[in-house]
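Listed below, chain by chain, are the residues.
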Amino acid sequence: MIRFENVTKTYLRSTQPALDGISLEVERGEFVFVVGQSGSGKSTLLRLILCEEAASSGNVLVAGRELSTMPRRKVPALRREIGTVFQDFRLLPNKDVFQNVAFALQVLGKSRHVIKALVPETLEMVGLAGMGRRLPHQLSGGEQQRVAIARAVVNKPPILLADEPTGNLDPTTSLEIVRLLDRINRTGTTILMATHDNGIVDQLRKRVVELDEGELVRDQQHAVYGGGR
Amino acid sequence: MRAQFILSELWVALRRNLSMSISVALVTMVSVLFLGLGVLAQRQVDTMKDYWYDRVQVSIFLCTAKSDLPNCATGSVTQSQRKDIRTQLDAMRPLVKNVYPESQQQAYTRLKEQYKDSATYREITPAQMPESFRVQLSDPTKYDVITSAFIGAPGVGDVQDQRRILDPLFNVLRGLSFGALALASLMVLCSILLVATTIRQTAFSRRRETGIMRLVGASAFNIQLPFILETLIATVVGTALAIGFLWAAVRYGVGYLGRQLPINFISTADVWLITPWLVLAVACMAILTAWLTLRRYLKV
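Line order of the protein sequences matches chains F and Y.
Mapping of the first sequence onto my numbering: position 65 corresponds to residue 65, and the numbering continues sequentially without gaps.
Mapping of the second sequence onto my numbering: position 86 corresponds to residue 1086, and the numbering continues sequentially without gaps.
It cannot be assumed that every hint is accurate.
As the list claims (entries may be wrong) - Pairs of lysine-lysine residues, derived as DSS-like cross-links and limited to a Cα-Cα distance of at most 27 Å, are as follows: (1) Y:Lys1112 x Y:Lys1066; (2) Y:Lys1049 x Y:Lys1066; (3) F:Lys156 x F:Lys74; (4) F:Lys74 x Y:Lys1299; (5) Y:Lys1142 x Y:Lys1097; (6) F:Lys95 x F:Lys110; (7) Y:Lys1299 x F:Lys110; (8) F:Lys156 x F:Lys95; (9) F:Lys206 x F:Lys156; (10) Y:Lys1083 x Y:Lys1066; (11) Y:Lys1299 x F:Lys156; (12) Y:Lys1299 x F:Lys95.
Derived by calculation from the structure, the hints in this document are not laboratory data.
Keep in mind the model is a prediction, meaning the values are calculated, not measured.
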C-alpha cells in the first residue's frame, strides 16, 4: 500500500537530511506506529506520503502511484485516497459538527443525498451520534478529535495518516481515540500514526517504525515504544 | 463542487469579507469610470470630426485687383481663368462633391453677418474681399489633391483647407481623452494591486478551509474558484456602478450641452456600445489577477 525505496529528503537551506535513505513497506490494512523524538523525521515521512513534499532522492509509492513521476494535477486524486488527522484537530469553528464532516464531501462534489447518508453514519461510528448541531467550541478535545477523524474517514479512504492525534489529549481520552483508530483499521483501512505517546504504543502492541535523526533504526511487529534498546 | 454549495460558501465569504469587497468594488468603479470617460471622449472627438469634416470645405481664393499675394502679381482673375478653374474642378468629380462660387459681394455680406458687432471689419469694402470657389470634398482627408492642383495656378491667390482651423481643437480634445486614458491606466494598476492584496489577505484568513480542501483532495480549480468568483462579483459590481455614472453623465451632462450647442454629441447609445467591452476587460483583469495571485499565495 505504501512503499519507501531508499528515500532521502533534505529541506532547502538545511545541511542535515530530514529523512536519510529510508526503505519501508506498509501492507494494506496494517496499523503502524511511527515513533521517534521531535525532529526525527516522523512528520516529514507523512508529508511525503501526502505529496506535501517531494523526496530529494529515492521513490515513494502510495496506492500504486509512484509519487516522484506523478504529475502535479494528479495529487488531488491521490489525496482522496488518504484521510488525515492532526494534533490540532483543524476544525472549522463557524461550522457545526455535521457541516465540518460534510465539508470534506461537499468540496469533492458529492450530492446532498450521499452527504445525508454518509455523515450521520460516520458520526455514529466515531461515537458522536446526536451531536451534529454542536459547534467545535462546545466540544471537549476528545470529541473534537473524533470530529476530525470522522471528516478524515467519511470519504472511506483506504489510508489514514494520523500526525500526533493524541498530542493535545489526556491519557484516557488518548486511549479512546487510538481504540477508535484501531476499530477503523479493522474495517480494512491502513493506518500510519506518528506519536510520542509510549503508553498507547505499549498498550496496542502494533508494528512500530522508529526514526532517529532521519534514519530508520527499528521496524518491529507487536512492539512497544522503546523496545529493543 | 455543487453550484448550491459554491453559492452558499460565496455568500458567507462575501459577508465575512464585506469591507474588502466594497473597497475592490469602489476602486474598480473609479478605474472603469476614467477608462469609460477616456473611451467616450475618443468617441466624441470621432463624432465631431465626422460631423465637421462633412461640412468643412477647401476654399480656392481667386486674385483681386488689390491682392498682394505673390501669385496675383498679374492682377485680378480673368474670365477665362475663372472658367478654367471651374472646368478643372468639375473634372475632379467624384472627389469634388459640390462647388459653391462666392463673389466678392457675397463674401462681404457673409463677413458683415459674422462680425456685425466688430469695429475691426467696419472699414472693409466688398472690393477688398476675395472671390472664391468653396469646394466640398467627398473625402475631406484628400484636400491636398485640390491644394496641389490649384496652388500657383493662374488666377488663384491661395488655397485654404478649413480642416486646418479645426484640427488644433480636435488635437486638444484627443489629448484630453488620452489624459483620461492614462489616468485610467494608473487606476487600473491600483485596482489590480488592490485585488491582489485582497486575495492574498483573504487566502491567509481562509487558510484553514483551503488547507482542509487540499487535504481531502479538492482540485486546484475547486480551491481557487470561490476566491475568483468573489473577486469577479466585486469588480463587476464596481463596473456596473461606473457604467451607471457614465450613463448619467452622458444622459444629463452631454444631453444638456447638446441642447445648448449646435454640435453633434455622443449619446447613451455610445455608453451601451462600450459596456460589453468594459465588462469583458474588467472580468478578464479580475480573473487573471486572481488566478496569478492564487497561484503565488495559495498552496494547492
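Verification of the supplied hints:
{"no.": "1", "hint": "Y:Lys1112 x Y:Lys1066", "result": "19 Å, holds"}
{"no.": "2", "hint": "Y:Lys1049 x Y:Lys1066", "result": "36 Å, violated"}
{"no.": "3", "hint": "F:Lys156 x F:Lys74", "result": "19 Å, holds"}
{"no.": "4", "hint": "F:Lys74 x Y:Lys1299", "result": "15 Å, holds"}
{"no.": "5", "hint": "Y:Lys1142 x Y:Lys1097", "result": "12 Å, holds"}
{"no.": "6", "hint": "F:Lys95 x F:Lys110", "result": "18 Å, holds"}
{"no.": "7", "hint": "Y:Lys1299 x F:Lys110", "result": "23 Å, holds"}
{"no.": "8", "hint": "F:Lys156 x F:Lys95", "result": "22 Å, holds"}
{"no.": "9", "hint": "F:Lys206 x F:Lys156", "result": "22 Å, holds"}
{"no.": "10", "hint": "Y:Lys1083 x Y:Lys1066", "result": "21 Å, holds"}
{"no.": "11", "hint": "Y:Lys1299 x F:Lys156", "result": "25 Å, holds"}
{"no.": "12", "hint": "Y:Lys1299 x F:Lys95", "result": "23 Å, holds"}
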